[in-house]
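Build the full structure now, drawing on both the sequences and the hints.
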Amino acid sequence: MEIIFQILIDGLVIGAFYSLVALGYTMVYGIIKLLNFAHGDLYMMGAFIGFTFLSIFTGDGGVNTGLLGVGIVFIGTMVIVGLLGMGVERIAYRPLLLAPRLSILITAIGVSLSLEYTSMIGWGASYKVYPIILPNDGLQILGTQITFAQIGMILLSALLMLGLRLFIDKTIYGKAMRAIALDQTACSLMGVNVHQIIALTFFIGASLAAGAGIMSGIYYGTINFMMGFIIGLKAFTAAVLGGIGNITGAMLGGLVLGVIEAFGTFYFGGSWKDVLAFGILILFLVFKPTGILGAKEMERM
Amino acid sequence: MKPLLKLTDVNSYYGKIHALKNINLEINEGEIVALLGSNGAGKSTTLKTISGLIKPKSGIIEWNAKSIVGVPAHKIVEAGIIHVPEGRRIFGGLTVTENLELGAFTFRKDKKWIKDGIERSFDLFPRLKERAKQLAGTLSGGEQQMVAISRGLMGNPKLLMLDEPSMGLAPIIVQEIMRIIQEINKQGTTILLIEQNAKAALRLANRGYLIEIGNIVMHDTAEVLREDDKIIKAYLGA
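Protein chains in written order, with the UniProt record's numbering: chain A, 1 to 301; chain B, 1 to 238.
To be clear, the hints were calculated from the coordinates, so they are not data collected in a lab.
Glycine included, every Cβ here is placed at the ideal spot set by N, Cα and C.
One thing to keep in mind: the hints can contain errors.
Short, incomplete list of chain A residues facing chain B, as computed with Cβ under 7 Å [to be verified]: (1) Asp169; (2) Ile172; (3) Ala179; (4) Leu182; (5) Gly191.
Listed below are the simulated DSS-like cross-link pairs for lysine-lysine, each with C-alpha atoms no more than 30 Å apart in a straight line [what the hints assert, rightly or not]: (6) B/Lys75 with A/Lys170; (7) B/Lys66 with B/Lys186; (8) A/Lys170 with B/Lys109; (9) A/Lys170 with B/Lys111; (10) A/Lys170 with B/Lys112; (11) B/Lys133 with A/Lys170; (12) B/Lys16 with A/Lys33; (13) A/Lys33 with B/Lys75; (14) B/Lys129 with A/Lys170; (15) B/Lys55 with A/Lys33; (16) A/Lys33 with B/Lys133; (17) B/Lys55 with A/Lys170; (18) A/Lys170 with B/Lys158.
And the structure:
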């Protein structure tokens, strides 16, 4: 029983990362029907920019930065990567908005490679050790050890997702995003600057990915310029699992995928983890391409 | 008196088709102007050209004596021209209230305007009040048209352009919509109305233009157009 609870917690932490990245995927897909294959690399950029900030704060030692310092690093990194996401949209995708879907998809792969190798040139190809050491203390719940870091990450992810849900549901910009997903032309006839709202969508998606990037750097301890590739695919899986274009679906899909992977690792061994994740992707694409929540909601956002 | 909106020799293309050929059109403040013509004559293209969805190849479009050619559609809305497009184009996955709020996007910082505007919409169309929280896509055709018109009014237009507001609606609903259009006009909004239903349109309008394969072939006061043989034969039914 304890072991199952332990696996569940581990799965939820990983799943929260997947959810945060999947949200950007699904938002961009919802609004301009683009599978942004460069999205995972924005997560990688978040991890690296956060790494640099933390290194400056801690002087490259293992000194504890403190909660305030970590908070500043998070916000600064999320803003920078958010702007980077907007830049990608402006330079690479906007000129192709009316082009055939395939052109923009191939461009996304090009953007992905550009970000990966820019990072390699800037930070090097080797693994970097994250300059922060987590305290190992935590709580004993049901005989299971849950560290404060795990609790913090799950809470922070939940907070970001709740904030996003409220933003999409309650603010006029969120409503404009949902409306653009339904009818861009009608939106511009309401006085909505469609390009601006699309740019905002990229900003939010990229900054959520960046947040997940830093957290994963802290959680796993090492980062690498290729780390965005596999999580991009996992986030895509999570988005499809929940119903692509659906915000709540992406959150749910990420958590479900994380938990399934954690159990898969335990029962079949770590080398089967990816097989399991992508096996699920294939099953969903074949038998229920609308995902868990896709068919129910009319809004595709 | 200077016209509110003036089109001079406007040429527009719809893809490769030369859809508008040297269109000249004027709308004065306070008027209801009808734009008549058969399917594919260029009525909708005229509205799209005015609202900035289509950029004309040549010609001048003046709004309050200032050129608005090349101004993006969302800026045209801010200037006071609002286009309620053909087929209503309401946001089916959003609630009626959310649709109205988006109509007031250019007033998004003015909470009072939005609140009052929603109240005004419900006064104009009491049926929408019961449907406020419903997804707009679940409404009947007539109710959806009511949402589309109210949503257009939320942006405080000086000129409201309506593209076939009666399309696909039962006669009794058409009457109600026409009555409301007149009401909106009385409250000071200038109206450019496209209608298949020429009879209803000419009953409402002060003046009318007849457009055929991209050319304005006739324009006159509504009284004269109602008596015109050609119009009677082609559009009013014998």
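Now for the hints, and whether the structure bears them out:
1. Asp169: Where the cut-off is 7 Å and the nearest Cβ of chain B is about 10 Å from A/Asp169, the hint is violated.
2. Ile172: Interface hint status for A/Ile172: holds (5 Å vs cutoff 7 Å).
3. Ala179: 5 Å, holds
4. Leu182: 5 Å, holds
5. Gly191: 3 Å, holds
6. B/Lys75 with A/Lys170: 24 Å, holds
7. B/Lys66 with B/Lys186: Since the Cα atoms of B/Lys66 and B/Lys186 sit roughly 26 Å apart, the hinted pair holds (cutoff 30 Å).
8. A/Lys170 with B/Lys109: Satisfied, since the Cα-Cα distance of roughly 14 Å is no more than 30 Å.
9. A/Lys170 with B/Lys111: It holds: about 13 Å lies between the C-alpha atoms, which stays within 30 Å.
10. A/Lys170 with B/Lys112: 17 Å, holds
11. B/Lys133 with A/Lys170: Given pair B/Lys133, A/Lys170 holds - Cα atoms ~14 Å apart, limit 30 Å.
12. B/Lys16 with A/Lys33: The given pair, whose Cα atoms are some 27 Å apart, holds under the 30 Å limit.
13. A/Lys33 with B/Lys75: 25 Å, holds
14. B/Lys129 with A/Lys170: 20 Å, holds
15. B/Lys55 with A/Lys33: 25 Å, holds
16. A/Lys33 with B/Lys133: At roughly 28 Å apart (the allowed maximum being 30 Å), B/Lys133 and A/Lys33 satisfy the hint.
17. B/Lys55 with A/Lys170: 34 Å, violated
18. A/Lys170 with B/Lys158: Given pair A/Lys170, B/Lys158 holds - Cα atoms ~29 Å apart, limit 30 Å.
In this structure, the hints that do not hold are numbers 1 and 17, in rising order.
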